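Chemist: Spelled out from the first residue to the last, the chains are:
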Amino acid sequence: MQEFEPRIVAFLCNWCTYTGADLAGTSRLQYPPNIRIVRLMCTGAVDTIYVLKALIEGADGVLIGGCHPGDCHYQTGNYKARRRITILKKILNRFGYDEDRIWLRWISASEGKLFADTTAQMVEELKDKGPNPIKQLWMV
Amino acid sequence: MDGLDGVQRMKSTIIKVENKDTLRSLRKFLGRLMESKFVEALLVPKLLPGGDGFVQSLIKDSRMLEDANPIAPTMAVQSARILSELTSSPFDGRIGVVLKPCELRAAVEMVKFLQVNLDNVVTIGVDCPGTYEVGDYAEMVKKDRELSPQAFLEGASEGEIRPRQGYNFRECCQICEYPVPLNGDITIGLLGLDHSKEILLMAGGRFEKELAQKFSLELKEGNSANREKVIEKVTHKRREQRVKVIDELKERVNIIEKFMQTLSTCIRCHNCMNVCPICYCKECVFKSLVFEHRSEQFLNWADRRGAIRMPGDTLIFHLTRMSHMATSCVGCGMCDSACPSDLPISSLFGLIGSELQEMFEYVPGRDAAEEPPVSVFKEDELQAEAGSE
Ligand code: SF4
Ligand code: SF4
Ligand code: FES
Chain Y
774 MQEFEPRIVA FLCNWCTYTG ADLAGTSRLQ YPPNIRIVRL MCTGAVDTIY VLKALIEGAD
834 GVLIGGCHPG DCHYQTGNYK ARRRITILKK ILNRFGYDED RIWLRWISAS EGKLFADTTA
894 QMVEELKDKG PNPIKQLWMV
Chain L
9 MDGLDGVQRM KSTIIKVENK DTLRSLRKFL GRLMESKFVE ALLVPKLLPG GDGFVQSLIK
69 DSRMLEDANP IAPTMAVQSA RILSELTSSP FDGRIGVVLK PCELRAAVEM VKFLQVNLDN
129 VVTIGVDCPG TYEVGDYAEM VKKDRELSPQ AFLEGASEGE IRPRQGYNFR ECCQICEYPV
189 PLNGDITIGL LGLDHSKEIL LMAGGRFEKE LAQKFSLELK EGNSANREKV IEKVTHKRRE
249 QRVKVIDELK ERVNIIEKFM QTLSTCIRCH NCMNVCPICY CKECVFKSLV FEHRSEQFLN
309 WADRRGAIRM PGDTLIFHLT RMSHMATSCV GCGMCDSACP SDLPISSLFG LIGSELQEMF
369 EYVPGRDAAE EPPVSVFKED ELQAEAGSE
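Sequences listed follow chains Y and L, in order.
My numbering puts the first residue of the first sequence at 774, with every later residue one more than the last.
My numbering puts the first residue of the second sequence at 9, with every later residue one more than the last.
Bound-form chain Y, shown alone (with noise of 0.2 Å):
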């Protein structure tokens, strides 16, 4: 049987995470094929509802990766980003359904190398937990 590849959909800030893995691109540390990334201005512009539409249409885990606490280039996304996360997160949980899917990650523009890991990491991490139940549902 073919080993389970799990989809993860990135969303990353344009100016530290979405640069960072630029970064990792470019200096040739693989980061796994599984990542599909959607580029935004910042981890602030992330609602719940693209979190929650990659999981049910289909993601096996989402990955939300900003500028570090304080560096964020419109200073408060991330913080708010780390609220709305964490709301989501406590919802979710208490439905049963595995809160680990969503990483919240911070990850500057220079840190080429912990994009790599984390996501190599992330990959890992869904191989053992399995397909995300919810795609299997038809009744969503």
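Don't read these hints as lab results, they were simulated from the structure.
Treat each hint with caution, since some may be false.
[Stated by the list, open to error] Derived lysine-lysine pairs resembling BS3-like cross-links, with alpha carbons at most 25 Å apart: (1) L:Lys120 <-> L:Lys386; (2) L:Lys217 <-> L:Lys228; (3) Y:Lys863 <-> L:Lys252; (4) L:Lys19 <-> Y:Lys853; (5) L:Lys228 <-> L:Lys120; (6) L:Lys19 <-> L:Lys45; (7) L:Lys266 <-> Y:Lys908; (8) L:Lys19 <-> L:Lys228; (9) Y:Lys863 <-> L:Lys120; (10) L:Lys228 <-> Y:Lys826; (11) L:Lys266 <-> Y:Lys902; (12) L:Lys295 <-> Y:Lys908; (13) L:Lys45 <-> Y:Lys853; (14) L:Lys252 <-> L:Lys205; (15) L:Lys237 <-> Y:Lys853; (16) L:Lys237 <-> Y:Lys826; (17) L:Lys68 <-> L:Lys222; (18) L:Lys266 <-> L:Lys24; (19) L:Lys252 <-> L:Lys266; (20) L:Lys266 <-> L:Lys19; (21) L:Lys228 <-> Y:Lys863; (22) L:Lys36 <-> L:Lys205; (23) Y:Lys900 <-> Y:Lys863; (24) L:Lys237 <-> L:Lys217; (25) L:Lys258 <-> L:Lys28; (26) L:Lys28 <-> L:Lys252; (27) L:Lys222 <-> L:Lys237; (28) Y:Lys826 <-> Y:Lys908; (29) L:Lys228 <-> L:Lys36; (30) Y:Lys908 <-> L:Lys258; (31) L:Lys266 <-> Y:Lys863; (32) L:Lys45 <-> Y:Lys863; (33) L:Lys217 <-> L:Lys24; (34) Y:Lys826 <-> L:Lys295; (35) Y:Lys900 <-> Y:Lys886; (36) L:Lys24 <-> L:Lys258; (37) Y:Lys900 <-> Y:Lys826.
[To be verified] From the derived model, a few chain L residues whose C-beta atoms are all more than 12 Å from chain Y: (38) Ser33; (39) Thr82; (40) Glu93.
Predicted, not measured: the structure shown is a model, and the values here were computed from it.
Idealized CB from N, CA, C, for every residue including glycine.
Chain L with the ligands: place on chain Y using the hints.
Modeler: Quick look at chain L with the ligands alone, frame taken from chain Y:
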């Protein structure tokens, strides 16, 4: 109990009830507010011509107060929604608005989201023994044409509030921990008082002095001990019931499939959202392009899963709404009342809401100065919860 702090800070006085007619005395008080021009107009529930229900009405002519009922046992529309419309632009004078405790809490939340402006509004909160579904009330009247509005205050003096025989309070009222208004400019107290003889009038904050002068009220510090005891009694009972309801629900939705099963009869009418006072966005994401898909897209999804429910997005609808506003949910239960499938939406929001509100030490509607959890943050928080350390 923290939530009641606001009540204790107020000053109060007793209004004597004449001829055991509580309602008439209340109307008289409201009439004085109008005639003295303390307020230019009043928003207050008024009996419908058919006699089988009440609707909020904006009264300009005090003679129209005749059928007003500030203790109406129904809540046809959440008044915070009405206030959003009513205060959307500047106006002269003040409007007095009679609100149930959950309506007042919702209004305070809406102020924080800039959907309601209370600058020229005098909020008049009234104790609430519990409300009935609009249809139930109409039926009660059909069966008993003589039904007195005052009958709905039975048990309020001792805190032995029971629904009328053959009926139940709305589910949200059965589990409501806030039977008294938290922070009205004026509060009308009924719990713990012999309402056939007297009602309690409380005033706090900005209009206190003016009210005292204009109506020669002798406002005194403190709350009656009996009232506090009765409030505690009612609150305690409701809280027990709330824990029971929420715990049962928790079991019923503890895995995502079971949660979906609970919502399986949802017909996606969006009523729950349309009547919710806290769902405040003028441009709702569920009516936006995010939810418009090309035909191919549907076919792709169906292809991937073998079949998809149509219309889709039930799960995403409820989860998104929760993540957007459960932190401010006031538990008014309008969502339940509007749901054609009788789904326990307000209890679900209660389950999630209390958990989130506790995490942020937030009580919706407690204090207009408290910022809602979705609008603020602390620099040093939630590292572990968000998994972002
Ligand atoms: S979700 Fe329901 S109970 Fe909560 S505020 Fe909205 S209508 Fe009221
Ligand atoms: S009111 Fe009831 S049926 Fe309509 S969308 Fe809300 S939960 Fe579904
Ligand atoms: S700009 Fe990167 S998180 Fe705000």
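Chemist: Would you mind marking each hint as holding or not holding in the structure?
Modeler: Verification of the hints:
1. L:Lys120 <-> L:Lys386: Satisfied, since the Cα-Cα distance of roughly 18 Å is no more than 25 Å.
2. L:Lys217 <-> L:Lys228: holds (12 Å)
3. Y:Lys863 <-> L:Lys252: holds (21 Å)
4. L:Lys19 <-> Y:Lys853: Roughly 40 Å separates the two Cα atoms, so the pair is violated.
5. L:Lys228 <-> L:Lys120: violated (31 Å)
6. L:Lys19 <-> L:Lys45: Given pair Lys19 (chain L), Lys45 (chain L) holds - Cα atoms ~22 Å apart, limit 25 Å.
7. L:Lys266 <-> Y:Lys908: holds (15 Å)
8. L:Lys19 <-> L:Lys228: holds (5 Å)
9. Y:Lys863 <-> L:Lys120: Measuring from Cα to Cα gives roughly 24 Å; hence the hint holds.
10. L:Lys228 <-> Y:Lys826: Violated. Lys228 (chain L) to Lys826 (chain Y) sits at ~56 Å, over the 25 Å cutoff.
11. L:Lys266 <-> Y:Lys902: Judged against 25 Å, a Cα distance of about 20 Å means the pair holds.
12. L:Lys295 <-> Y:Lys908: Judged against 25 Å, a Cα distance of about 24 Å means the pair holds.
13. L:Lys45 <-> Y:Lys853: Not satisfied, since the Cα-Cα distance of roughly 45 Å exceeds 25 Å.
14. L:Lys252 <-> L:Lys205: violated (36 Å)
15. L:Lys237 <-> Y:Lys853: Violated, at about 42 Å.
16. L:Lys237 <-> Y:Lys826: violated (49 Å)
17. L:Lys68 <-> L:Lys222: Since the Cα atoms of Lys68 (chain L) and Lys222 (chain L) sit roughly 20 Å apart, the hinted pair holds (cutoff 25 Å).
18. L:Lys266 <-> L:Lys24: Measuring from Cα to Cα gives roughly 54 Å; hence the hint is violated.
19. L:Lys252 <-> L:Lys266: holds (19 Å)
20. L:Lys266 <-> L:Lys19: Answer violated: Lys266 (chain L) to Lys19 (chain L) is near 50 Å, above 25 Å.
21. L:Lys228 <-> Y:Lys863: Violated - the C-alpha atoms of Lys863 (chain Y) and Lys228 (chain L) are around 45 Å apart, more than 25 Å.
22. L:Lys36 <-> L:Lys205: holds (15 Å)
23. Y:Lys900 <-> Y:Lys863: holds (23 Å)
24. L:Lys237 <-> L:Lys217: violated (28 Å)
25. L:Lys258 <-> L:Lys28: Since the Cα atoms of Lys258 (chain L) and Lys28 (chain L) sit roughly 45 Å apart, the hinted pair is violated (cutoff 25 Å).
26. L:Lys28 <-> L:Lys252: The hint is violated at about 38 Å.
27. L:Lys222 <-> L:Lys237: violated (31 Å)
28. Y:Lys826 <-> Y:Lys908: Holds, because 11 Å separates the two Cα atoms, which is no more than 25 Å.
29. L:Lys228 <-> L:Lys36: Given that 25 Å is the threshold and the Cα spacing comes to 22 Å, the pair holds.
30. Y:Lys908 <-> L:Lys258: holds (23 Å)
31. L:Lys266 <-> Y:Lys863: Holds. Lys266 (chain L) to Lys863 (chain Y) sits at ~17 Å (cutoff 25 Å).
32. L:Lys45 <-> Y:Lys863: violated (50 Å)
33. L:Lys217 <-> L:Lys24: Measuring from Cα to Cα gives roughly 21 Å; hence the hint holds.
34. Y:Lys826 <-> L:Lys295: This hinted pair holds, its Cα atoms lying about 15 Å apart.
35. Y:Lys900 <-> Y:Lys886: Holds, at about 21 Å.
36. L:Lys24 <-> L:Lys258: violated (47 Å)
37. Y:Lys900 <-> Y:Lys826: holds (21 Å)
38. Ser33: Given a closest Cβ separation of 46 Å, the condition holds.
39. Thr82: holds (31 Å)
40. Glu93: Given a closest Cβ separation of 26 Å, the condition holds.
Hint check: violations occur at hints 4, 5, 10, 13, 14, 15, 16, 18, 20, 21, 24, 25, 26, 27, 32, 36; the rest are consistent with the structure.
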